[in-house]
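Order-wise, the sequence lines are chains A and B.
Residue numbering for the first sequence is -19 to 92, as defined by our numbering.
Residue numbering for the second sequence is 577 to 692, as defined by our numbering.
Misleading hints may appear alongside valid ones.
[Unchecked claim] Which chain A residues stay away from chain B? Per the calculated CB distances, all over 10 angstroms, these:
no. : residue
1   : VAL(-10)
2   : ARG(-3)
3   : VAL(-2)
4   : THR(-1)
5   : THR51
6   : SER54
7   : ALA56
8   : GLN61
9   : GLU65
10  : SER75
11  : THR90
12  : VAL91
[Unchecked claim] Distance windows between CB atoms, simulated:
no. : chain 1 : residue 1 : chain 2 : residue 2 : range
13  : B       : GLY590    : A       : ASN35     : 39 to 47 angstroms
14  : A       : GLU63     : B       : SER692    : 38 to 46 angstroms
15  : A       : PRO(-13)  : B       : GLN656    : 34 to 42 angstroms
16  : B       : ALA598    : A       : GLY12     : 29 to 37 angstroms
17  : B       : SER659    : A       : SER76     : 24 to 32 angstroms
18  : B       : SER631    : A       : GLY12     : 19 to 27 angstroms
Hint data in this document are derived by calculation from the structure and do not stem from the laboratory.
Ideal Cβ placement from N, Cα and C applies to all residues, glycine included.
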Amino acid sequence: QSVLTQPPSVSGAPGQRVTISCTGSSSNIGAGYDVHWYQQLPGTAPKLLIHAYSNRPSGVPDRFSGSKSGTSASLAITGLQAEDEAIYYCQSYDSSLNASVVFGGGTRLTVL
Amino acid sequence: VQLVESGGGLVQPGGSLRLSCAASGFTFSDHYMDWVRQAPGKGLEWVSVIYSGGSTYYADSVKGRFAISRDNSKNTLNLQMNSLRVEDTAVYYCAREAMDGSYDYWGQGTLVTVSS
Chain A
-19 QSVLTQPPSV
-9 SGAPGQRVTI
1 SCTGSSSNIG
11 AGYDVHWYQQ
21 LPGTAPKLLI
31 HAYSNRPSGV
41 PDRFSGSKSG
51 TSASLAITGL
61 QAEDEAIYYC
71 QSYDSSLNAS
81 VVFGGGTRLT
91 VL
Chain B
577 VQLVESGGGL
587 VQPGGSLRLS
597 CAASGFTFSD
607 HYMDWVRQAP
617 GKGLEWVSVI
627 YSGGSTYYAD
637 SVKGRFAISR
647 DNSKNTLNLQ
657 MNSLRVEDTA
667 VYYCAREAMD
677 GSYDYWGQGT
687 LVTVSS
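Isolated chain A, as found in the complex (with noise of 0.2 angstroms):
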């Protein structure tokens, strides 16, 4: 059981916009620790999304955004391509872990 909770899975059609949430508590996202998201292909490595909630690092296209409210994260794809179909994870620090880093159960993205 993963601190902070993804939905197992979610799908969409190539062009649609789906989201992914990551729920955590007060201790980890509602503390203010920042949330960061991962995609991971079949047999790669994670590569660096989104950091501190919103922000793209370079080489990351704008049709992925996160945003933050309350004890909850959400990592938003729009535009939906094929080459997206991955497993996506968020990570965050929790406190009440003697401030060690979380993540999530991971969420796995199916292009329809």
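For this one, chain A is given, so just place chain B on it according to the hints.
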């Protein structure tokens, strides 16, 4: 920036293994460095961090068994894993930590299999 892990392999329960991560393309000594692992078919799990000043922290699941270290003169990150358990089986990634706590660069990973 490049991170290249090595040292993975098959080891029996109770055994030891030492992983290394060779870093290049950036000032290694300036950055916190972490190990993150991923069990087969599972999600990501943080393992350990070493600060640029040498302070170390561990996940409860590996505390007392694993030891992280760094050699800034050789741009190398290490993870000494002792008393290995079947549940330590995973791909181990080294990752560079950015100022905001995100992992902006990852290695390709090295597979550790603990089995008799």
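Against the structure, the hints come out as follows:
no.	hint	result
1	VAL(-10)	holds (16 angstroms)
2	ARG(-3)	holds (24 angstroms)
3	VAL(-2)	holds (19 angstroms)
4	THR(-1)	holds (19 angstroms)
5	THR51	holds (18 angstroms)
6	SER54	holds (17 angstroms)
7	ALA56	holds (18 angstroms)
8	GLN61	holds (23 angstroms)
9	GLU65	holds (17 angstroms)
10	SER75	holds (13 angstroms)
11	THR90	holds (17 angstroms)
12	VAL91	holds (21 angstroms)
13	B:GLY590 to A:ASN35: 39 to 47 angstroms	holds (44 angstroms)
14	A:GLU63 to B:SER692: 38 to 46 angstroms	holds (41 angstroms)
15	A:PRO(-13) to B:GLN656: 34 to 42 angstroms	holds (37 angstroms)
16	B:ALA598 to A:GLY12: 29 to 37 angstroms	holds (35 angstroms)
17	B:SER659 to A:SER76: 24 to 32 angstroms	holds (26 angstroms)
18	B:SER631 to A:GLY12: 19 to 27 angstroms	holds (22 angstroms)
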